[in-house]
Amino acid sequence: DDVRSGASKGVVFDKVVYVIFAMLIKLTVDLSFSRRMPSQMAYAELLKAWTSIEQAVADLLNPGCAKYCFRGMPITQHISEAKMLNIEADLEPRFWKSPWRQELFEKAIRSTSKFR
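Numbering (this note's numbering), first residue to last: 9 to 124.
To be clear, the hints were calculated from the coordinates, so they are not data collected in a lab. It is possible that part of the hints are untrue.
Claimed, not checked - Straight-line distance between alpha carbons at most 25 Å, and here's what the computed BS3-like set of lysine-lysine pairs gives:
#: 1; residue 1: K105; residue 2: K122
#: 2; residue 1: K56; residue 2: K105
#: 3; residue 1: K122; residue 2: K56
#: 4; residue 1: K23; residue 2: K56
#: 5; residue 1: K105; residue 2: K115
#: 6; residue 1: K105; residue 2: K91
#: 7; residue 1: K75; residue 2: K115
#: 8; residue 1: K105; residue 2: K34
#: 9; residue 1: K75; residue 2: K91
#: 10; residue 1: K115; residue 2: K56
Claimed, not checked - Each pair of labels, with its calculated beta carbon distance range:
#: 11; residue 1: S88; residue 2: L112; range: 16 to 26 Å
#: 12; residue 1: F103; residue 2: T59; range: 22 to 32 Å
#: 13; residue 1: W104; residue 2: K34; range: 41 to 51 Å
Everything numeric in this text was worked out from a predicted model, so none of it was measured. Ideal Cβ positions, reconstructed from N, Cα and C, are used throughout, including at glycine.
Given only the sequences and the hints, what does the whole structure look like? Please build it.
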């Protein structure tokens, strides 16, 4: 009977308002301190891998370079980071954006790994 009383409804309403207010504060803080979206970071890492590959090929084909040492570790690190971010990008909320094409990005990562 107390649940149906006006006082109890007011208490419940106040609690709901407080929870919604707390969620809005948390959302505001999260958005203001958030880093870039995982999809943007995944793309940037894959681009860094390709830039490193391009630089390695340029160094290899440079006739002025007497001794060449392939530095594959940075390329591997960029590819690994892109793999991890690909999974995270698939989970990110996309709202107005088109869905993240995880399988296509995975194919791009595999191609980059083979080319490396």
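Cross-check of the supplied hints:
1. K105 x K122: violated (30 Å)
2. K56 x K105: holds (24 Å)
3. K122 x K56: holds (16 Å)
4. K23 x K56: violated (49 Å)
5. K105 x K115: Satisfied, since the Cα-Cα distance of roughly 21 Å is no more than 25 Å.
6. K105 x K91: Holds - the C-alpha atoms of K91 and K105 are around 21 Å apart, at most 25 Å.
7. K75 x K115: Violated - the C-alpha atoms of K115 and K75 are around 33 Å apart, more than 25 Å.
8. K105 x K34: Holds. K105 to K34 sits at ~23 Å (cutoff 25 Å).
9. K75 x K91: Since the Cα atoms of K75 and K91 sit roughly 32 Å apart, the hinted pair is violated (cutoff 25 Å).
10. K115 x K56: holds (17 Å)
11. S88 x L112: 16 to 26 Å: Roughly 19 Å apart at Cβ, these two residues keep to the hinted range, so it holds.
12. F103 x T59: 22 to 32 Å: 30 Å Cβ-Cβ, so the 22 to 32 Å window holds.
13. W104 x K34: 41 to 51 Å: About 22 Å separates the Cβ atoms of W104 and K34, which means 41 to 51 Å is violated.
Comparing the model with each earlier hint shows violations of hints 1, 4, 7, 9, 13; every other hint is respected.
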